[in-house]
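Asker: Working from the sequences, and respecting the hints, build out all of it.
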Amino acid sequence: MKTYGVILAGGVGARLGLSVPKQMIKVAGKTILEHTVAAFDSHPLIDEVIVMITPGWTERVATLLGSRFAKLSLILEGGVTRNETTRRVLEAIDAEEAKLLLHDAVRPLVSERIISECVHALDRHEAVDVAIPSSDTVVMVDEDEVITRIPDRSRLRRGQTPQAFKLSTLRAAYARAIEDPYFHATDDCGVVVRYLPQVEVKCVLGSEDNIKVTHPVDLTIADKLFQLATQVAPHKSLTELTAALAGKTIVVLGGSYGIGAEIARIAKAAGAAVVAHGRSTTGLHVQDLAAIEAAFDAAAAEHGGVDAVVLTAGVLKIGPLAAASPEDIEQSIAVNYTAAVNVARAAHSHLAASRGHLLLFTSSAYTRGRENYALYSSSKAAVVNLAQALAEEWAGDGIKVNVVNPERTETPMRLNAFGAEPAGSLLSAERVAEASLDAITSDLTGMVLEVRRSDA
57 MKTYGVILAG
67 GVGARLGLSV
77 PKQMIKVAGK
87 TILEHTVAAF
97 DSHPLIDEVI
107 VMITPGWTER
117 VATLLGSRFA
127 KLSLILEGGV
137 TRNETTRRVL
147 EAIDAEEAKL
157 LLHDAVRPLV
167 SERIISECVH
177 ALDRHEAVDV
187 AIPSSDTVVM
197 VDEDEVITRI
207 PDRSRLRRGQ
217 TPQAFKLSTL
227 RAAYARAIED
237 PYFHATDDCG
247 VVVRYLPQVE
257 VKCVLGSEDN
267 IKVTHPVDLT
277 IADKLFQLAT
287 QVAPHKSLTE
297 LTAALAGKTI
307 VVLGGSYGIG
317 AEIARIAKAA
327 GAAVVAHGRS
337 TTGLHVQDLA
347 AIEAAFDAAA
357 AEHGGVDAVV
367 LTAGVLKIGP
377 LAAASPEDIE
387 QSIAVNYTAA
397 VNVARAAHSH
407 LAASRGHLLL
417 FTSSAYTRGR
427 ENYALYSSSK
437 AAVVNLAQAL
447 AEEWAGDGIK
457 VNVVNPERTE
467 TPMRLNAFGA
477 EPAGSLLSAE
487 RVAEASLDAI
497 TSDLTGMVLE
507 VRRSDA
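Counting from 57, one number per residue, gives the positions in the sequence shown under our numbering.
In case anyone wonders, no lab produced these hints; they're calculated from the structure. Heads up, a few of these hints could be off.
Dumping the calculated DSS-like pairs for lysine-lysine here, alpha-carbon to alpha-carbon at most 27 angstroms [as the list claims (entries may be wrong)]:
| no. | residue 1 | residue 2 |
| --- | --- | --- |
| 1 | K58 | K258 |
| 2 | K82 | K268 |
| 3 | K127 | K268 |
| 4 | K222 | K268 |
| 5 | K280 | K268 |
| 6 | K222 | K127 |
| 7 | K292 | K324 |
| 8 | K58 | K222 |
| 9 | K127 | K86 |
| 10 | K280 | K82 |
| 11 | K127 | K58 |
| 12 | K86 | K268 |
| 13 | K268 | K258 |
| 14 | K280 | K86 |
| 15 | K222 | K258 |
| 16 | K127 | K82 |
Answerer: Below is the structure:
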């Protein structure tokens with residue numbers, strides 16, 4: 057049976073003090089609605105996406121979403137109430153049975169894991185809710201704000217969405233509900249619980265990140281969560297990697313040693329044409345725009361194009377900023393950030409032609425500035441922002457842009473900075489290289505890709 061993802065976008069943003077529906081506010085470069093639609097449209101278990109929008113906004117939403125989402129089949133006006141909107145969904149789906157996931161448009165951070173578990177739970181249950189344990193004590197009060205009861209917190213859950221149903225089950229619940237003159241419910245699981253008490257509603261574990269944008273502070277939190285969002289690239293076997301890299305040309309900048317050298321070695325062994333540059337091998341300086349442009353042009357001329365560009369070069373200068381020499385400051389910024397800008401500029405035309413992949417590198421220092429690492433950590437934060445911005449700017453060109461964030465890794469740069477460290481405490485450069493090649497052979501874009509020892 058088909059699986060439908062239904063985005064409920066009927067809010068008006070009153071609590072945010074807005075003159076437009078809250079799902080039309082931009083967060084992390086896109087409207088909240090776009091983020092949410094993308095989460096369902098990209099999910100492999102979702103067959104069709106339906107958007108139920110605030111009355112009067114249908115044409116504007118159709119223009120906003122355009123033809124970018126392959127699974128988006130309907131954009132319909134919602135009702136005055138949540139229940140009326142759901143009834144319109146049930147009427148719009150021309151099927152006797154299906155899997156139905158109803159999701160708040162203003163929960164744009166719903167994860168692939170939550171959607172998957174909802175879909176799979178419907179193989180065993182007729183109705184599914186998403187909820188998380190309550191970390192706060194919940195109290196019940198009377199009309200005078202006097203506590204009357206303190207329920208056992210271990211049995212309490214905070215509801216989220218999606219809420220998932222067999223189509224026939226939800227239709228049956230609403231058929232009984234409309235016969236009740238006092239019918240009112242704030243969510244659809246409540247309709248099933250009240251009018252089909254014999255149906256068990258299974259709970260799937262949600263996430264603290266799956267927030268609902270309701271109050272002004274939620275916009276700030278959502279924006280920060282998008283900024284810090286990380287993912288692990290799907291791992292490929294050697295056979296899968298060889299098939300994905302066959303006939304591809306990869307340019308590695310920083311390929312003299314460490315992670316860059318490992319990427320070049322593994323990619324070449326898998327059958328890719330690899331052009332590796334480094335200051336100590338080919339004399340290429342990654343902050344030199346003209347030299348980078350010439351290197352890309354030469355690679356494209358020799359191999360017929362460039363399918364991926366990987367920039368691993370970096371420099372780590374430790375010490376107080378006030379004590380840094382002008383030369384150290386210039387080099388740190390040039391290699392750790394300006395190089396990424398120049399590589400992106402030089403690579404764009406080649407990657408647009410191949411619909412290829414740009415892969416940059418950051419470190420855990422990007423999330424917060426660190427004492428004695430001011431230039432390094434701020435440059436790495438800038439690289440993350442650059443990758444996320446370019447992923448959006450270049451989406452229309454079919455270029456994917458991601459940034460790898462490895463745990464502490466055994467590289468010559470780290471050895472020079474910190475000396476020898478305990479055996480087994482660092483990631484191997486080979487493991488980071490494998491994850492990097494998984495990334496450039498994936499469809500991910502705009503992501504910070506974590507590589508950890510626990511994933512090895």
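Asker: Work down the list of hints and note, for each, if the structure agrees.
Answerer: Here is what the structure says about each hint:
Taken as a hint, the K58 and K258 pair is honoured in the structure, with Cα atoms around 20 angstroms apart against an allowance of 27 angstroms. Proposed proximity of K82 and K268 is supported: the alpha carbons are some 14 angstroms apart, at most 27 angstroms. Of the pairs offered as hints, the one joining K127 and K268 holds, with about 24 angstroms between alpha carbons and a cut-off of 27 angstroms not exceeded. In summary, the hint linking K222 to K268 is supported, as the alpha carbons are separated by about 24 angstroms, within the 27 angstroms threshold.
Distance restraint check for K280 and K268: the Cα-Cα separation of roughly 14 angstroms lies within the 27 angstroms cut-off, and the hinted pair is therefore satisfied. Note on K222 and K127: the hinted pairing holds, with a Cα-Cα distance of about 20 angstroms set against a maximum of 27 angstroms. At most 27 angstroms may separate the alpha-carbon atoms for a hinted pair to count; K292 and K324 meet this at roughly 16 angstroms. Restraint check: the Cα-Cα separation between K58 and K222 comes to about 10 angstroms, which is no more than 27 angstroms; the hinted pair holds.
A C-alpha spacing of about 19 angstroms is found between K127 and K86, which places the hinted pair at or below 27 angstroms, so the restraint holds. The suggested pairing of K280 with K82 holds, with an alpha-carbon distance near 13 angstroms, which does not exceed 27 angstroms. A hinted pair counts as satisfied when its Cα atoms are at most 27 angstroms apart, and K127 with K58 qualifies at roughly 12 angstroms. Using a Cα cut-off of 27 angstroms, the hinted pair K86 and K268 holds, with the two alpha carbons roughly 16 angstroms apart.
Using a Cα cut-off of 27 angstroms, the hinted pair K268 and K258 holds, with the two alpha carbons roughly 21 angstroms apart. For the hint linking K280 to K86, the alpha-carbon distance of about 14 angstroms falls within 27 angstroms, and the restraint holds. Between K222 and K258 the CA atoms are separated by roughly 12 angstroms; this keeps the pair inside 27 angstroms, and the hint holds. For the proposed pair K127 and K82, the alpha carbon gap of about 22 angstroms is at most 27 angstroms, so the pair holds.
In terms of the numbered hints stated before, the structure departs from none.
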